[in-house]
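Visitor: The lines below spell out each chain.
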Amino acid sequence: MSALLEVRDVGKTYGSVIALRDVSTVVNAGEVTCVLGDNGAGKSTLIKILAGLHQHDAGQFLVDGEPVQLSSPREALDRGIATVYQDLAVVPLMSVWRNFFLGSEPTKGFGPFRVLDRRKAKDETRWALADMGIDLRDAEQPVGTLSGGERQCVAIARAVHFGAKVLILDEPTAALGVKQAGVVLKYVAQARDRGLGVVLITHNPHHAYPVGNRFLLLKRGRSLGSFDKKDISLEELTRQMAGGAELEALQHELRGAAQ
Amino acid sequence: MSDFSGTLTTDERIASPGLLTRLAVRPEIGALIGALVVFVFFTVITSQFVTLAGISTWMDTSATIGIVSVAVALLMIGGEFDLSAGVMTASTSLVTAMLSVKLGVNVWLAIVVSLVFALAVGAFNGWLVMRTKLPSFIVTLGTFFALQGINLGVTTLVTGTVQVSGIATAPGYASAGYLFASTFTLGGSPFPISIVWWVVVTALAAWLLVRTRFGNWIFAVGGSAASSRAVGVPVGRSKILLFMTTAGAAWLVGTINILRFTTVQANQGIGLEFEYIIAAVIGGCLLTGGFGSAIGAAIGALIFGMANQGIVYAHWNSDWFKLFLGIMLLAAVLVNNGFRARAERARR
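In the order they appear, the protein sequences are chains A and B. Per this note's numbering, the very first residue in the first sequence carries number 1; after that it's consecutive. Per this note's numbering, the very first residue in the second sequence carries number 260; after that it's consecutive.
Hints were generated in silico from the structure; no laboratory data involved. Just to be clear, a hint being listed does not mean it is correct.
[Unchecked claim] Which stretches of chain A does chain B cover? Using the computed rule of at least three CB atoms under 8 Å from a CB of chain B, they are:
no., region
1, 71 to 81
2, 93 to 103
3, 108 to 116
The beta carbon of each residue, even a glycine, is placed where N, CA and C say it ideally should be.
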């Protein structure tokens, strides 16, 4: 069986800037592939390629074993790749159900009299969220009144409900408190257990390690390797993330400065 | 998938909200209260305000503002402005008048041509905004001046004066006039047909906004264009359609005007664009997009019409009308901002 998503030596340049080079990893069904790296490591470039916003110009990008060049987010969605962005997951002023069905609204009637099936949309929103274990008070309330973690969860539940096979999550825990981040990770694990392939982008190894099956480490546009969980410990992951020897040198320096 | 609704039970955390609470979150409630206050005020201090002739007059004033302000409200909810809508009412009048008076074209055909002209300008506005990513405020300010120049320039060139008149004798005038500029009798008093158009346009816009898929997209592209794009909403196409709708509404008012007055001044319509925007804002539209109501904009236009005519009936200097507008606008923006803060506040 081929992987849901696979990149082989994929690369991307913006003018003279090499944003990404020789990156390889796989995303399997029912597994979480974590992409870790500091700012400017190339995480954003990689997800933009996977989500169809940008096109890679080197290497191969395979969906279900078939090489592709995605031309738009719509095409990515049609191939079952849904992306949840950190800050633009939802429209704050719109109600939960309007957000949930945005872009895929159920309608009834025909011709020019086709209208939103509001009842169905509201019921299905509550049902889908309840199914993911998200306890919603009122489908009519504006999403802006939900907490940051709840907003991410609505976006994740939306992707699951609309049959995504691959879920790309861009820093879902970045702006959240410890408890909220834990809630979001719980839904990530739930999406994984439903057989979705998840790509989790983060710079926090403590969030990545508990849910991840595979860890792709990026640094300055290059891959430091794609490790299976059994091949890397949390300590090693953290050390690699922070730049290993560089961090030790920094610690030494700071200690020196403090004295 | 159809039988899951039975498994949902009413959530005990949701108290059935009282009527007042439910009303307070409606965008048009502020405008409704304002309209009531203005109505009562002029009813008390003038004698003609609630006569049938009086009602007909201020309803007509409201209608010609309201038809466009409802379309402007949709555009504002979609996150954009159109400053060219006022001048567009004159441009479409001029196109219709020149074609039928100077070229002898049937009035019906002239009306259709001016509609195509309006939609083309609207599409151009939208395309330019999407293409350049400039604020629509700037793009349509450009269109505003360009149309103003064309109106005056072309009219002077063709007629040697700054007006076009004489459409009443053109072929097709009678039947077109019946549809756009006739009156109907209610309680023995004549009411202009523009009021019917206003009601129809408002009902259509309100239905479109709340009940249809495109309406959902209007809220979404205004609330967050990037989020909408990420879930596959055609942001560019939606916004261009909204600009075309505004231009189309301006065409309707332009058509009503030329057929009713049978003459059009080339400098007409300047300043109306702000009245449309103010009516939409009084009606609950946020200046930043993503929230508002078509019915609210219609009520905003009603306040306009009532105040405009009420001041005349009260024998005041009409200069005071502008002061009234300014105060209404500020009050409305403050009320709207209060709502927005409540809706966007996250419970962290």
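Visitor: A separate judgement is required for each hint: does it hold in the structure or not?
Guide: Comparing the hints with the structure gives:
1. 71 to 81: Contact hint for the region 71 to 81 of chain A vs chain B: holds, 3 residues under 8 Å.
2. 93 to 103: It holds: at least three residues are needed, and the region 93 to 103 of chain A offers 6 whose Cβ sits within less than 8 Å of chain B.
3. 108 to 116: Since three or more residues must qualify, the claim that chain B covers the region 108 to 116 of chain A holds, with 3 doing so at under 8 Å.
Violation of the numbered hints given earlier is absent; every hint is satisfied by the structure.
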